[in-house]
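All chains, please: the whole structure from these sequences, using the hints.
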Amino acid sequence: MTLLSPPPMPGTSGTGVNPSHPDGADDQPRTVGRLTQDDIASLVAAFVGSLALTWLVYFQLLPLSGKVGFLFCWYAAFLAVYGLVSSFGNPRPVVVDRLWGAAVAGAAGVVFFAVLSVAIYTLVKGEGAWIHGNFWTHDMAGVGPTETLTHGGITHAVAGSLIELAIATAVSLPLGIGTAIYMVEIGGRFSTVVRTVVEAMTALPDILAGLFIYTVLQLGLGFQRNGFCAAMALSIMMLPIIARSADVSLRVVAGGLREASLALGASRWATVWRVVLPTARSGLATAVILGLARAVGETAPVLITSGASTFFNTNPLKNPMNSLPLFIFSSVRSGEPTYITRGFGAASVLLVLVVVLFIAARLLSREKTKR
Amino acid sequence: MTTIAPPPTIDLARLEEPEPERDPTGAQLDAVNISAWFGTNKVLDRVSLSMPPGTVSALIGPSGCGKSTFLRILNRMHESVPSAKLAGEVQLNGQDIYAPGQRITETRKRIGMVFQKPNPFPAMSIAENVVAGLKLTGAKVSRSAKEALIEDCLQRGGLWAEVKDRLDRPGGALSGGQQQRLCIARSLAVSPDVLLMDEPCSALDPTSTRRIEETIAMLRDQVTIVIVTHNMQQAARVSQQCAFFLAEQGTPGVIVESGPTRDIFERPRDQRTSDYVNGRFG
Chain A
1 MTLLSPPPMP
11 GTSGTGVNPS
21 HPDGADDQPR
31 TVGRLTQDDI
41 ASLVAAFVGS
51 LALTWLVYFQ
61 LLPLSGKVGF
71 LFCWYAAFLA
81 VYGLVSSFGN
91 PRPVVVDRLW
101 GAAVAGAAGV
111 VFFAVLSVAI
121 YTLVKGEGAW
131 IHGNFWTHDM
141 AGVGPTETLT
151 HGGITHAVAG
161 SLIELAIATA
171 VSLPLGIGTA
181 IYMVEIGGRF
191 STVVRTVVEA
201 MTALPDILAG
211 LFIYTVLQLG
221 LGFQRNGFCA
231 AMALSIMMLP
241 IIARSADVSL
251 RVVAGGLREA
261 SLALGASRWA
271 TVWRVVLPTA
281 RSGLATAVIL
291 GLARAVGETA
301 PVLITSGAST
311 FFNTNPLKNP
321 MNSLPLFIFS
331 SVRSGEPTYI
341 TRGFGAASVL
351 LVLVVVLFIA
361 ARLLSREKTK
371 R
Chain B
1 MTTIAPPPTI
11 DLARLEEPEP
21 ERDPTGAQLD
31 AVNISAWFGT
41 NKVLDRVSLS
51 MPPGTVSALI
61 GPSGCGKSTF
71 LRILNRMHES
81 VPSAKLAGEV
91 QLNGQDIYAP
101 GQRITETRKR
111 IGMVFQKPNP
121 FPAMSIAENV
131 VAGLKLTGAK
141 VSRSAKEALI
151 EDCLQRGGLW
161 AEVKDRLDRP
171 GGALSGGQQQ
181 RLCIARSLAV
191 SPDVLLMDEP
201 CSALDPTSTR
211 RIEETIAMLR
221 DQVTIVIVTH
231 NMQQAARVSQ
241 QCAFFLAEQG
251 TPGVIVESGP
261 TRDIFERPRD
271 QRTSDYVNGR
281 FG
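Going down the list, the sequences are from chains A and B.
Quick note, in our numbering, the first sequence goes up one by one and the last residue is 371.
Quick note, in our numbering, the second sequence goes up one by one and the last residue is 282.
Fair warning: there could be bad hints in the mix.
[Claimed, not checked] 20 Å max Cα-Cα, derived DMTMM-like pairs, lysine to aspartate or glutamate:
#, chain 1, residue 1, chain 2, residue 2
1, B, K135, B, E106
2, B, K164, B, E128
3, B, K164, B, E106
4, B, K135, A, D38
5, B, K85, A, E259
6, B, K135, B, D168
7, B, K164, B, E151
8, B, K117, A, E127
9, B, K117, B, D205
[What the hints assert, rightly or not] Chain A regions said to be covered by chain B (calculated; three or more residues, Cβ under 8 Å):
#, stretch
10, 259 to 268
11, 272 to 281
[Unchecked claim] Quick list of simulated restraints, FRET-style, between CB atoms:
#, chain 1, residue 1, chain 2, residue 2, range
12, A, R30, B, P206, 45 to 55 Å
13, A, R34, B, D205, 24 to 34 Å
14, A, S267, B, K85, 19 to 29 Å
15, A, I359, B, S142, 57 to 67 Å
16, B, E248, A, A200, 47 to 57 Å
17, A, T314, B, K164, 46 to 56 Å
18, B, S63, A, S87, 50 to 60 Å
Hints are computed from structural coordinates only; laboratory data are not their basis.
Values in this document were obtained by computation on a predicted structure and should not be read as measured data.
In this text, a Cβ means the ideal position worked out from N, Cα and C, and glycines have one as well.
So, in structure tokens, the structure goes:
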């Protein structure tokens, strides 16, 4: 019945090795918490039974159609049948446990499926663009609206994104970590105000950041639409995220380390710079990556402050500079099928970039827990 | 008439040993009329204690009697608590460390501190931890001098033999007792005149405690040592002079009695001291 063979009884010499004996073979760990036949059977029965029932009722008896509706009804029927099957010969806690388990697993499955389908849909739709080498090596300068996908590429958008992110990081990294240092190391009543403002800023609509830079830098100070203004708008989005996560990672640095440093005769500045920041290093790296991941996908601020261009531009102070989200936005909106495909191709690149950033954040924070 | 027998756990034979002649290099530390407050709550009331070089001074007493506060006043760590206030003077070789113009960082460098919980810097290796004080105070030291200093301080901290092959490993990977000795070595690297220890063994096992006590005995003629301890046997083992702190209900802490350790444990003048060292309360 079970997959485990029963252990040889003492005195029997079926295998010739007594597991409990010192010179016998190593004892095997027991498998505990294994699913019983009843568990598996009722799960399978409910799955198949509810499928058949829903198919019969949904498509044959009622004048309904549609895949989503069918899946939804199937899931509801599955929960009902599973609860019913489980209630035969099982006490109430077991039935409740199974139903909750099924409901929670179902919710997790929906989220997983949603994320995966978005990613796969993007990659498949963009394949026509990113499969071609020129997509990675050319810009869109001089590419007419009807040219095929073997012409033009996104280097200008990638370069623009990277330059804008680099400038935005250079601005928001020192400011964000400085804000966190102020909130944690200096403190006082005003730091509570700063913390509240930073928390409110994390919820700032991104278009406001763009409008702010547009009115202050471009209308007010006479800047042209360029990559620098876009980077400023992005840094407004990054700043609160970096400050917030850096705040958390500085706060968990043990107070005893600060005292130890001060007791050695260190100034407060030396304590922060040489003890607190290095101790929180991986947390700070994660903070920066979270900020980058937020900024890399922002469309509205760069749309207002930089505007799209088709040519390769590495000068952030002159002429509009394209970026990946902006390229996606303008391509998909154009209505031309090749452009839409290029938009999905750029979205695939952006998606991979974000995944890479989050994996980096994970690795950095894991290094912290290992210590 | 009652005579109080000393508790059997205290090694009297060791206490009777004549002190060998030494040429101590530590500094004279005098606390004069120290009072301390947290907010409006007075925790110490005009405490005076003289801590001469070449001796280990033990501060004993029940919890909450102000021993640790007193110790933290001795190297100006007390004032890092926002509501903390104090009165009186702490004189290092006759010079008031709280006088205007005395640099707080310089004072703390000369009066080092070892904390209750071992706290090596986790982002630094063992070797970097030892010389962290130099880096933190901006002292420039050549590479070879640094290596010599690392070995010297770890020797004096009693840790060299155990870590000499893994000086580049993180300090946090050591055992608790080793970490505490690393912290002692770290304090020694800035060549302090005084070393304050706030219950340095309370988080450690008996073997590690013994190693630390051996280290203290070895360091005694190099720096003036002040140690707070809850463990009276430890006070009897490591110290030459002893001060008994007590805060009676609702009153700030005071020194009930101080003097040579032997006198405190064998011939206490005050009944409360006698009760405490014989384990009748606290």
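Evaluation of the provided hints:
1. B/K135 - B/E106: holds, 14 Å
2. B/K164 - B/E128: Measuring from Cα to Cα gives roughly 13 Å; hence the hint holds.
3. B/K164 - B/E106: Not satisfied, since the Cα-Cα distance of roughly 30 Å exceeds 20 Å.
4. B/K135 - A/D38: Not satisfied, since the Cα-Cα distance of roughly 67 Å exceeds 20 Å.
5. B/K85 - A/E259: With Cα atoms ~18 Å apart, B/K85 and A/E259 stay inside 20 Å; holds.
6. B/K135 - B/D168: holds, 16 Å
7. B/K164 - B/E151: holds, 8 Å
8. B/K117 - A/E127: Given pair B/K117, A/E127 is violated - Cα atoms ~59 Å apart, limit 20 Å.
9. B/K117 - B/D205: Judged against 20 Å, a Cα distance of about 13 Å means the pair holds.
10. 259 to 268: holds (count 9)
11. 272 to 281: Held - the stretch 272 to 281 of chain A has 5 residues with a Cβ nearer than 8 Å to chain B, which meets the minimum of three.
12. A/R30 - B/P206: 45 to 55 Å: At roughly 39 Å between Cβ atoms, B/P206 and A/R30 fall outside 45 to 55 Å, so the hint is violated.
13. A/R34 - B/D205: 24 to 34 Å: Check failed, 42 Å falls outside 24 to 34 Å.
14. A/S267 - B/K85: 19 to 29 Å: holds, 23 Å
15. A/I359 - B/S142: 57 to 67 Å: Violated, at about 43 Å.
16. B/E248 - A/A200: 47 to 57 Å: holds, 51 Å
17. A/T314 - B/K164: 46 to 56 Å: holds, 53 Å
18. B/S63 - A/S87: 50 to 60 Å: Cβ of B/S63 to Cβ of A/S87: about 59 Å, so the range 50 to 60 Å holds.
Checked against the numbered hints given earlier, this structure breaks hints 3, 4, 8, 12, 13, 15; the rest are met.
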